[in-house]
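Number of protein chains: 2
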Amino acid sequence: MVNTVVVGPLGLDDIKTPFGSVQNVLGASASYSAYAASFFSQPGIVSIVGEDFPDEYLNTFTQRGIDVSGIQKVAGGKTLRWSGDYSYDLNVPKTLKTELNVIEDYEPKIPEQYRSAEFLCIGPMPPESQLSALRQMDKRPKLTICDTRDFYIKSEPQKVLDVIRETDIVLLNDSEARMLFNTNSLVKAAREILKLDSEVAIIKKGEHGAVLFTDTTHFSAPSYPLEEVVDPTGAGDCFAGALLGYMAKINEINEKNFRKAIIYASVIASFNVEGFSLNNLSSTTMDDIEKRYAEMQKIAEF
Amino acid sequence: MVNTVVVGPLGLDDIKTPFGSVQNVLGASASYSAYAASFFSQPGIVSIVGEDFPDEYLNTFTQRGIDVSGIQKVAGGKTLRWSGDYSYDLNVPKTLKTELNVIEDYEPKIPEQYRSAEFLCIGPMPPESQLSALRQMDKRPKLTICDTRDFYIKSEPQKVLDVIRETDIVLLNDSEARMLFNTNSLVKAAREILKLDSEVAIIKKGEHGAVLFTDTTHFSAPSYPLEEVVDPTGAGDCFAGALLGYMAKINEINEKNFRKAIIYASVIASFNVEGFSLNNLSSTTMDDIEKRYAEMQKIAEF
Chain A
230 MVNTVVVGPL
240 GLDDIKTPFG
250 SVQNVLGASA
260 SYSAYAASFF
270 SQPGIVSIVG
280 EDFPDEYLNT
290 FTQRGIDVSG
300 IQKVAGGKTL
310 RWSGDYSYDL
320 NVPKTLKTEL
330 NVIEDYEPKI
340 PEQYRSAEFL
350 CIGPMPPESQ
360 LSALRQMDKR
370 PKLTICDTRD
380 FYIKSEPQKV
390 LDVIRETDIV
400 LLNDSEARML
410 FNTNSLVKAA
420 REILKLDSEV
430 AIIKKGEHGA
440 VLFTDTTHFS
450 APSYPLEEVV
460 DPTGAGDCFA
470 GALLGYMAKI
480 NEINEKNFRK
490 AIIYASVIAS
500 FNVEGFSLNN
510 LSSTTMDDIE
520 KRYAEMQKIA
530 EF
Chain B
230 MVNTVVVGPL
240 GLDDIKTPFG
250 SVQNVLGASA
260 SYSAYAASFF
270 SQPGIVSIVG
280 EDFPDEYLNT
290 FTQRGIDVSG
300 IQKVAGGKTL
310 RWSGDYSYDL
320 NVPKTLKTEL
330 NVIEDYEPKI
340 PEQYRSAEFL
350 CIGPMPPESQ
360 LSALRQMDKR
370 PKLTICDTRD
380 FYIKSEPQKV
390 LDVIRETDIV
400 LLNDSEARML
410 FNTNSLVKAA
420 REILKLDSEV
430 AIIKKGEHGA
440 VLFTDTTHFS
450 APSYPLEEVV
460 DPTGAGDCFA
470 GALLGYMAKI
480 NEINEKNFRK
490 AIIYASVIAS
500 FNVEGFSLNN
510 LSSTTMDDIE
520 KRYAEMQKIA
530 EF
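Those protein sequence lines, which keep their order, are chains A and B.
So the first sequence is numbered by our numbering: it starts at 230 and just counts up by one.
So the second sequence is numbered by our numbering: it starts at 230 and just counts up by one.
Watch out, some of these pointers could steer you wrong.
The list cannot tell twin chains apart, which means a pair is met if one copy fits it or any two copies do.
Computed list of lysine-lysine pairs in DSSO-like fashion (alpha-carbon distance at most 30 Å, straight line) [unchecked claim]:
#: 1; residue 1: Lys368; residue 2: Lys388
#: 2; residue 1: Lys307; residue 2: Lys323
#: 3; residue 1: Lys520; residue 2: Lys417
#: 4; residue 1: Lys478; residue 2: Lys527
#: 5; residue 1: Lys424; residue 2: Lys478
#: 6; residue 1: Lys520; residue 2: Lys424
#: 7; residue 1: Lys417; residue 2: Lys245
#: 8; residue 1: Lys527; residue 2: Lys424
#: 9; residue 1: Lys520; residue 2: Lys434
#: 10; residue 1: Lys424; residue 2: Lys371
#: 11; residue 1: Lys434; residue 2: Lys478
Read the hints as simulated data drawn from the structure, not as lab findings.
Computed from a prediction, not measured in an experiment: that's the story for all the values here.
Looking at chain A on its own, in the form it has when it is part of the complex (with noise of 0.2 Å):
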């Protein structure tokens, strides 16, 4: 039965790091959110694919729990295709070529029997797609998380700020926030978020960790200090579905579980980012899991 519902992009990548290259390997948000959520519940994904897509990577995701029947497959189409270089910057990726297929124009449809799932993960899409998305499902989600772009905040900020005032929580990072707020500072970007009518403002912060605010509350997420990233595509959907993942396991929403949730969320992205596309995921335990989770903690001590 699925109870969170993973709304985005399937694609397939080409991806170069310091550390490799892979080709035709399974990518784009939907891909994984729903891999970091599977770890805690039972996700669905809401997306489309060409004729291309292996059913090998379908296989990957129903052996882990989740529910591939939203995937709507084009025939005769082709799947979005991404291709970066991460070879300078391990941060940026330099974008070679992105084709948007079967992605361009998608209006995400949710199943019937996805509607009444109370958690709902939207992954980076035009904002008016992921409001509707939103208004599909049978009444508001107990707690919807939605992801954003860049490119959404510079084309159409307006529109980011309804999906932030009509949803729980819209994951921006530093630059994000600082640019739709136009504030330097991460703090005042935070009250904003909180004025529109949200409880909890998360803001990321890459290899610095990650912050929530509350009206009344701060908590400051470390990262898990890695040596050697090898590929760090996926971290923040990765963070983005673990964090929704946990919460619906939980099933109380709180400033305490949402603590908890990120750094469940930081651990399996850092899990992700050890390998190329999911591979370093699909090797990964709960009891690998818990043990970075307790370092996590010591980290944090003083």
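Chain B: place on chain A using the hints.
Below, chain B without anything else, positioned relative to chain A:
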């Protein structure tokens, strides 16, 4: 009885930030470091000023119990002057003017009565002068903390490495650490520092806090979330001075105490940047500090 020796420049600053501007205020690293240390220990300053250095600023120190007998006043000389503008970026000042004056070619001379002190803080100076200061001590202090600047890392990287080898802690910020060890990874940079016969590596990350590494452990310290930074000048110097001052007070060098010292150092730096020069620190009490320290515990908790 001076137990903490602070060696470094004293100066007079003109500073402009989005919150206003000040002229001729007490500045440069030794001012901030000694003042911050004085919350915990008995600092003495080793520095040089010109005839134009106001007696009022010497009183600022002595009223805090900071010994000024190591400050050499040059008859007819002019004090170091710096003028900076943070109007556009609160993280990086635009230096409008630096007049080295008496600090040019200054070689620190540790007064007889300071040479048995067990805690030594050496501000950003040419690496050779830093080592010279260290060698003037009767014996190796219990703890020596040095600061540096990207300028020395660019111009004399080998000598900066010598300072890391011969002292206990060289405080680098994240961009300096990446530059010195030619790596994007702070974890790798920290490993390199530890190889240079250092027991701990501490890397400052500005608004993202600070991290500590030993061979087997890692600590990630949050920063205190400030909505407004009035004047960032001296934050790093306060961090260094408070770190050393706290360790001098506790007088037991171990990782657990370093963790606490880093939090106190961050707290004191956070008070400092809420005002120009030492204005805000001068009205900050130990109660204020303990209160913010307790907040930091809540900020890191999960």
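So, going through the hints one by one against the coordinates:
1. Proximity of Lys368 and Lys388 under a CA criterion of 30 Å is satisfied intra-copy only: 22 Å inside one chain copy versus 65 Å between copies.
2. When the C-alpha separation of Lys307 and Lys323 is checked against a cutoff of 30 Å, the pair qualifies only within one copy, where the shortest distance is 23 Å, while the shortest distance between copies is 51 Å.
3. Taking identical chains as interchangeable, the C-alpha atoms of Lys520 and Lys417 lie at most 30 Å apart only when they sit on different chains, with a minimum of 22 Å there against 35 Å within one chain.
4. Taking identical chains as interchangeable, the C-alpha atoms of Lys478 and Lys527 lie at most 30 Å apart whether they share a chain (24 Å) or sit on different chains (25 Å).
5. Within a single copy, Lys424 and Lys478 get their C-alpha atoms as close as 28 Å, which meets the 30 Å cut-off; across copies the closest is 43 Å, which misses it.
6. Proximity of Lys520 to Lys424 under the C-alpha cut-off of 30 Å is restricted to the inter-copy arrangement: shortest distance 27 Å between copies versus 37 Å within a copy.
7. Only between protomers do Lys417 and Lys245 lie at most 30 Å apart by alpha-carbon distance; the minimum there is 21 Å, versus 37 Å within a single protomer.
8. In this assembly of identical chains, Lys527 and Lys424 lie within 30 Å of each other by CA distance solely across copies; the values are 23 Å between and 34 Å within a copy.
9. Within a single copy, Lys520 and Lys434 get their C-alpha atoms as close as 23 Å, and across copies as close as 26 Å, so both meet the 30 Å cut-off.
10. For the identical chains of this complex, Lys424 and Lys371 are intra-copy neighbours only, at 20 Å inside a copy versus 50 Å across copies, given an alpha-carbon limit of 30 Å.
11. Taking the shortest alpha-carbon separations for Lys434 and Lys478, only the intra-copy value of 25 Å comes in at or below 30 Å, while the best inter-copy value is 34 Å.
Every hint from the earlier list agrees with this structure, and none is contradicted.
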